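Just so you know, the protein sequences line up as chains A and B, in that order.
Quick note on my numbering: the first sequence kicks off at 1 and runs consecutively.
Quick note on my numbering: the second sequence kicks off at 292 and runs consecutively.
If you're looking for bench data, these hints aren't it; they were derived computationally from the structure.
Source: prediction; values computed, not measured.
Hints are not guaranteed to be accurate.
Claimed, not checked - Calculated pairs, EDC-like style, for lysine to aspartate or glutamate (alpha carbon to alpha carbon, straight line, at most 16 Å):
#1 K118/A / D229/A
#2 K264/A / D388/B
#3 K107/A / E70/A
#4 K264/A / D637/B
#5 K188/A / E516/B
#6 K264/A / E501/B
#7 K118/A / E497/B
#8 K83/A / D578/B
#9 K268/A / E497/B
Said to hold, decoys possible - Sample of chain A residues lacking proximity to chain B, with all beta carbon distances greater than 10 Å (derived):
#10 K77
#11 P78
#12 I141
#13 S158
#14 Q180
#15 G191
#16 A253
All C-beta atoms, glycine included, are put in the ideal place defined by N, C-alpha and C.
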Amino acid sequence: MVRLLFVIVGGSLIAASGCGASRVDAARADTAAAATLRETILTASDGAAVSEAGPGGTGWATLTGMFTFEGGAPAAKPLVVDKDTEVCSKDGMKLFDRSLLVDGSGKGLANVVVFVRKSSRVKNPVSSDQLVFDQKNCEFIAPVFAARVGQPIDVRNSDPVGHNTNISGTSFNQLIPAGQGTVYTPNKETGMPVMVTCNIHPWMKAYTVFRQDGYVAVSGANGSFTIPDLPAGEPLEFQVWHERASGPNGALALSVPELSWSDKGRFKLTLDADQVRDLGTLVVPASALGM
Amino acid sequence: MRSGTSRFRLSAFGGSGMLAVCGLLLVAATGCGRTSPASFRLNMVEATKQRLTSAQEQQVATILLAMFGTPDEPVCIPEAGLDEAKLRLAAGPVRSDIAGRKNGLYREHCGHCHGVTGDGLGPTAAFLNPYPRDYRPGVFKFKSTERADKPTHDDLVRILHNGIVGTSMPSFALLSDLEIDALAEYVKYLSIRGETEIELMRAFFELDEEDVGKLPETREFLVGEMLTSVAEKWQAAADAVIAVPEMPGDIDLVASIAKGKELFYGDKANCVKCHGVTGLGDGQANDYDDWNKVIVQWSQEVAGDQDAAWVARASHVLAGDALRPRTIPPRNLRQGLYRGGRRPLDLYYRIHAGINGAPMPAAAGTVAPEDIWHIVNYIRSLPYDLDGELGADRPMIAKGD
């Protein structure tokens, strides 16, 4: 009996290790469905592509609101600063983790990103004025930075030491010498915000989001945000993100039944012309941030 | 003696023992799938990261089969811009055709490291340092194009021909030009397939509620949006080659090296921060390249997740579908081994565009072309620079003067 057990255990060991069975089972393609699908994708469409005719609304509206954090303001966690300390830790200066910034008095939650997923009309053409994305005292000044695709960004370095700015997912990774800057014009949407780092100073971290229509806002220190000039009269779907949010890809899922706020951190609204829609206070529980 | 022992064992095990031995033989003969046709493995890291359901994973596998075929029978949608005849030469099991031409070149020469899927997870991968390239994110380091652009076909051919010095990637100069050409095309195929797969998996998050978690199976979406966004970049690569001004012919090499040294240690080019005061690559050395960083960051995310069942599955995926992350050391510039090629032009490309996928940033735009040439000349002098203690004569970064 013991011997039999040994053989069985040995056999399962071989099955488990010898044949690489330690990998999870991956789904298999449906061969018949693939053959049909291949016909579909090889057949040129007759040009009757459904043109996404805009719902034809007119006028413009504004969305505003304020995020607050349900828990108390967390203690700031100091970062390990071990490079260029003569600048980055000058006079005992300390840098702190900024992934959860809560306003002490009003409990406002900063750096929540709200953007429109799709819109049919845009009020203003892309501005050619340069936005400034600066780094000083060995941190990116803006922890979360939003821009419109096509608008030039002056990526600056106001420090006396050299940095590099590496925007993940975009292949932008450029040396930014001390006191200089370089202009970067985003040419593609990011979807959800992407991380910005400096490889020379590994503690440096920020996020950036680029949107085609520019309908994007980042909540300020008091937690409030405003997106002006939104197209009125069409259903708009908004996406909400926070660095620490526990939803997929950083989606901030809240329980707001009247907005049907989804697990993917989205809600839909149709605004009237000249309306200023105030969502009021949106309370973010600690659980939504995975705490 | 040996046969006696084994006879004893067999009899001692009796009937059930025999059964178990037969079972083991069966496992050995068929269990490893050696006899079943090769198949592409789904990108389980991305699938699990995107929390796809098994139905969604299957949809991706089906779409990929329709668009790209199998490792034995690759097919292409015209929009992929690939040459199917070349792919057939590289694909499939190793064999010779009726004219005696070798087929199955990829599995003969590449698959054991880069994997049948091109995921850099071949059987030998874990034993190599650096790990073999995973083509699926569509990022390649050593190329003549601007940082964000794909390599040209010739860039891939050059790597195959020369190999990558200082790594396990050998030279395939003994293959015919035709064969190298076919392999370069096949690498593009695996890369376009892998990047399309990632796009598809990420597209589930972008679905609207009405789509009930299923990607639209239309030509407009699958070809027009998903495939084209990837394939177009490959087709545009030839137009993205970096324009390199000639190194001035009357350049005074000694002066140029001195200028390059100044730039290397200065705040503008700032090479010293990573490559070190000594040039030994001992500066900023605890960073990861993009392939490893994905695994590092996702491991942290998995560790912090509350959903125990998902954590168990994700840990399983990390153990079986990812290699243990390794940091990327900056190049030791005193060895004279340059992975992307040792021509001055190659070094110019590396400094101008940085190295895509690696922490090395681009200097273009902040460092003038003639200054890049000075840095190239200084770097090329470093392996022969034997005077004094390493770094002892280096001007430490001149701060605040």
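Comparing the hints with the structure gives:
no.	hint	in the structure
1	K118/A / D229/A	14 Å, holds
2	K264/A / D388/B	53 Å, violated
3	K107/A / E70/A	8 Å, holds
4	K264/A / D637/B	45 Å, violated
5	K188/A / E516/B	14 Å, holds
6	K264/A / E501/B	13 Å, holds
7	K118/A / E497/B	11 Å, holds
8	K83/A / D578/B	13 Å, holds
9	K268/A / E497/B	15 Å, holds
10	K77	14 Å, holds
11	P78	19 Å, holds
12	I141	20 Å, holds
13	S158	13 Å, holds
14	Q180	6 Å, violated
15	G191	7 Å, violated
16	A253	13 Å, holds
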